[in-house]
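Here the protein sequences line up with chains F and P, keeping their order.
For reference, each letter of the first sequence is one residue, going 1 to 767 in the numbering used here.
For reference, each letter of the second sequence is one residue, going 1001 to 1151 in the numbering used here.
Note that these hints are calculated values from the structure, not bench results.
Think of the CB as a built atom: it goes at the ideal place given N, C-alpha and C, for glycine as much as any other residue.
Any given hint might turn out to be false.
What the hints assert, rightly or not - Between beta-carbon pairs, the in silico distance windows are:
#: 1; chain 1: F; residue 1: Ala112; chain 2: P; residue 2: Glu1069; range: 56 to 62 Å
#: 2; chain 1: F; residue 1: Asp387; chain 2: P; residue 2: Glu1069; range: 45 to 51 Å
#: 3; chain 1: F; residue 1: Asp141; chain 2: P; residue 2: Glu1069; range: 53 to 59 Å
#: 4; chain 1: F; residue 1: Ala112; chain 2: P; residue 2: Thr1012; range: 40 to 46 Å
What the hints assert, rightly or not - Cut-off 25 Å, straight-line C-alpha distance, at most; resulting in silico cross-link-like pairs (DSS-like, lysine-lysine):
#: 5; chain 1: F; residue 1: Lys356; chain 2: F; residue 2: Lys484
#: 6; chain 1: P; residue 1: Lys1064; chain 2: P; residue 2: Lys1005
#: 7; chain 1: F; residue 1: Lys444; chain 2: F; residue 2: Lys408
#: 8; chain 1: P; residue 1: Lys1005; chain 2: F; residue 2: Lys241
#: 9; chain 1: F; residue 1: Lys272; chain 2: P; residue 2: Lys1064
#: 10; chain 1: F; residue 1: Lys270; chain 2: P; residue 2: Lys1064
#: 11; chain 1: F; residue 1: Lys580; chain 2: F; residue 2: Lys480
#: 12; chain 1: F; residue 1: Lys356; chain 2: F; residue 2: Lys480
#: 13; chain 1: F; residue 1: Lys115; chain 2: P; residue 2: Lys1086
#: 14; chain 1: F; residue 1: Lys501; chain 2: F; residue 2: Lys330
#: 15; chain 1: F; residue 1: Lys585; chain 2: F; residue 2: Lys342
#: 16; chain 1: F; residue 1: Lys180; chain 2: F; residue 2: Lys209
#: 17; chain 1: P; residue 1: Lys1086; chain 2: F; residue 2: Lys219
#: 18; chain 1: F; residue 1: Lys408; chain 2: F; residue 2: Lys448
#: 19; chain 1: F; residue 1: Lys585; chain 2: F; residue 2: Lys474
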Amino acid sequence: MITDEKIENEFRIENVSRRNFLQGALSASAFVLCIGKSPLLAKVARSGAPTVVPMTPGSVPTIDSSAFHPGVFLGIQTDGTVLIVAHRTEMGNGVRTSLPRIVADELDADWARVKVIQGDGDERYGSQDTDGSHSVREFFDTLREAGATARLMLVRAAAQQWGVPEAQCVADPVHVVTHKSSNRTVGYGELAALAAKQPVPKKEELKLKAPSEWRYIGKPAPGYDVSEVCSGKPLFGMDVKVDGMLYAAIAHPPVLGGKVKSLDDSATLKVKGVKQTIPIDPFTPPHHFQPLGGVAVIADNTWSAFKGRNQLKIEWDNGAHAVYNSESYKKELQETAKQPGKVVHSIGDADAEFGKGGKILEAEYYAPHLAHASMEPPVAVADVRSDKVTVWSPTQNPQGVQEEVAKKLGIKKEDVTCHVTFLGGGFGRKSKPDYAVEAAVLSKKTGKPVKVVWSREDDIKFDYFHSVAAMYIKAAVDDKGMPKAWLQRSVFPSISSTFDKDAVYGSDGEMSLGWNVIPFDVPNFRSENGKAVNHVRIGWLRSVANIYHAFAVQSFANELAYAAGRDPYDYLLALIGSGKVIEAKQSPEVAAKYPYDTARLRHVAELAAQKANWGKKKSGNGWGMGIAVHRSFLTYVATVVEAEVDSDGVVRIPNVYTAIDAGIVANPDMVRSQFQGAAVFGTSIARTGQITATNGVIDQSNFHDYQVARMNDAPVHVDVQIVESTAPPAGVGEPGVPPFVPALCNAIYAASGKRVRELPLIKNGLA
Amino acid sequence: MVHLKVNGSAQTFDGDPEMPLLWYLRDILGMTGTKFGCGMALCGACTVLQNGKAIRSCSTQMGKVDGVEITTIEGISAKGPHAVQKAWAEVNVPQCGYCQTGQIMQAISLLSTKPHPTDADIDDGMAGNICRCGTYERIRAAIKEAAKERA
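Chain F with its partners taken away, still in its complex shape:
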């Protein structure tokens, strides 16, 4: 879920129209291709609600899920409309544009005639869990093959219709097949019925386009939904309204694992619009994606539910996690970080080198918990009818919704339909479906559809928090200041604790996020991880453990540069060396497709520094530049931040220069957006991002005490350079975040001489 270990599966492509699996808008003569991991077509037995969110633009509500095999598919209607399913979640990542354009490219379809349909939760799509920056890289080949398959069948249909050899027919210029010598063309819509009768070609028969022939891949395109978004159409989970729906707000236990000791709901029940209160059972540890428990207030509108909740008088049994105090916990983590931990990776013999007694440098770093704080708080609508359930939710993980709702209600996963709405931000929070389970529990109890709405306070106080982490790094350096040995140790409560209550070490996945490998030429290296016990729900947040790992490693590299009296950029290049493929503890499949090549890392560092005019202006007197590099989600990123620090410690960020090598990119404009956004997200982390607890209760609650970057404190300009590459696509949603924070901290040091070893900046007299 959070590792780089996913690699695509082989998909089968089947022509389902001949099996008459589509009705309604897709007439029997429409040409439809499905792609499934296995021949599952016969298994389809669902019924009920339309297969797409009725509100979603491009939806085709008349497709009945009882007659629809929802594999990744494309369809061509007889009027020439091309339907393409986006099976991954749109949350600003641009997948409703980039994924269908990959299909449309190989199909040689006219993008203006493509209708994008949002896929429901269904395991036959393969993974829909839209996190880990997977969407394009995991489905690139599959989607191209889908488009190419359809194109070949259209060409064969045209050849058959004209009675000419297939080789004389081409899909050219767009949306038509042409027979050049007779100057005849026929449209895709006209060919749909005949194309549907063609046998599905074997994979070996497909001719994928050369990159030079791509129409859409690698070309900038605006978001498919931009007009609907800008006109306020009801696209989001928060906008879902179902007939007869009730609204619920939930008073969650203030401390993880807390239980209701006593409840007085008399004032609540007097609030106009409030119908009833319903207790929700506490979870059985580990908390996983279960509801937190508490008391739900059911009302006939959102406001009444909120108001009624505020009138509840609840005495809580706070339980074991009431011991959680961030200040003392921090000291525990820092102490653990100074003790030997579990070895994660070792090269050479670091201890032997340290034992030689040369010059040793060491530093401790600390980064607090973070909350996701997506603009749309968690929300879900569930309609539980006898044993069938329909959920509408902004979820990154629709199959997870199906699983968790089914588990909770004791029904089969196949009996849970999950319609995926647009997400008002996700950042990892919305791949945990606890709030959808809450809606299902309440719908079952009330017998009505229920919409659970989290307030901002709920969102911030009851998040799956990004982990707090303490890091310790030590290096033995030679007389030129280059490290001969490097030891790094991180300590943080692991995401594993969400799934295993006894987990105290970081998972392999978390270690793969910037800790089990070092991209520097260091002959003796050891990384370690120490024990930590969780007291809140720990989850993944945009780029996950890379955030604190890159902060420590890239800050320390910068400290070494200054200790050596060298320019930090030159020193960084020296650390990386000339570049080579390094052992990166990746699975053999990933290593074969995505070798970790530090030459690519060096290259992006050079590009970013060049664009930033690194070294042209002398740092100091309140102005400085900082640089950091990091590879995550298989993408190489270098970021140079320009910072101004005034005498009050107020930091301004006029420019950011980021260079990325993400292999082939599907839509460069959206990739640029992702990296511009990552710089702002990183600014929020660096300046003000911290979640703390007192006696187990989270101290922050809304945007006044959990501040995020606004226009006037965000970077003014973020330059994004994308390396042209023929390497397989890598991730783009997350990799911009990790190097930003250390690059900013390094810039602050260059400008002001203030070294930030503890995040956020406000802990350092900076703002």
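Add chain P to chain F, keeping to what the hints say.
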């Protein structure tokens, strides 16, 4: 009884006078283009125009809107895209899009008083509207684009 106009249509409301305008628009009138983000006037997702000027509907109680004219994003969009919406599409501003209707309403309000805003004007005018995806640079560019269109 509260009498108000929403997007030119007369409306009456006799419910809880403490109900924020936001929830009246969303849950009672079914106009969901105005978004819920914080409930405390901290993020601007709920921005609408009251008599042409941006306000935060999440912190404006129904008891306080008697006799006012409210314009929401639905009202702005009724006669085809507004110059600001066109600029938003031109620059491809949105990522997730959730905050963008509030951003657009705020930008319309800003441009109504400062038709040619400087960077500092834009910072001042837009600082109350959070975009967690981080589209600020494009929002700034789109506002300038819209100002150019209106010139």
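Taking the hints in turn, this is what the structure says about them:
1. F:Ala112 with P:Glu1069: 56 to 62 Å: violated, 38 Å
2. F:Asp387 with P:Glu1069: 45 to 51 Å: Since the Cβ atoms of Asp387 (chain F) and Glu1069 (chain P) sit about 50 Å apart, the hinted range of 45 to 51 Å holds.
3. F:Asp141 with P:Glu1069: 53 to 59 Å: Distance hint for Asp141 (chain F), Glu1069 (chain P) holds at roughly 55 Å.
4. F:Ala112 with P:Thr1012: 40 to 46 Å: Once the Cβ atoms are compared, 44 Å apart, the range 40 to 46 Å for Thr1012 (chain P) and Ala112 (chain F) holds.
5. F:Lys356 with F:Lys484: holds, 11 Å
6. P:Lys1064 with P:Lys1005: holds, 13 Å
7. F:Lys444 with F:Lys408: This hinted pair holds, its Cα atoms lying about 11 Å apart.
8. P:Lys1005 with F:Lys241: holds, 24 Å
9. F:Lys272 with P:Lys1064: Judged against 25 Å, a Cα distance of about 19 Å means the pair holds.
10. F:Lys270 with P:Lys1064: Holds. Lys270 (chain F) to Lys1064 (chain P) sits at ~23 Å (cutoff 25 Å).
11. F:Lys580 with F:Lys480: holds, 22 Å
12. F:Lys356 with F:Lys480: Within the cut-off at roughly 17 Å; holds.
13. F:Lys115 with P:Lys1086: Satisfied, since the Cα-Cα distance of roughly 21 Å is no more than 25 Å.
14. F:Lys501 with F:Lys330: Given that 25 Å is the threshold and the Cα spacing comes to 21 Å, the pair holds.
15. F:Lys585 with F:Lys342: Holds - the C-alpha atoms of Lys342 (chain F) and Lys585 (chain F) are around 16 Å apart, at most 25 Å.
16. F:Lys180 with F:Lys209: holds, 19 Å
17. P:Lys1086 with F:Lys219: Satisfied, since the Cα-Cα distance of roughly 21 Å is no more than 25 Å.
18. F:Lys408 with F:Lys448: Distance ~17 Å between Lys408 (chain F) and Lys448 (chain F) Cα, so the pair holds.
19. F:Lys585 with F:Lys474: Between Lys585 (chain F) and Lys474 (chain F) the Cα gap is close to 22 Å, so the pair holds against 25 Å.
Against the hints set out earlier in the document, a violation occurs for number 1 only.
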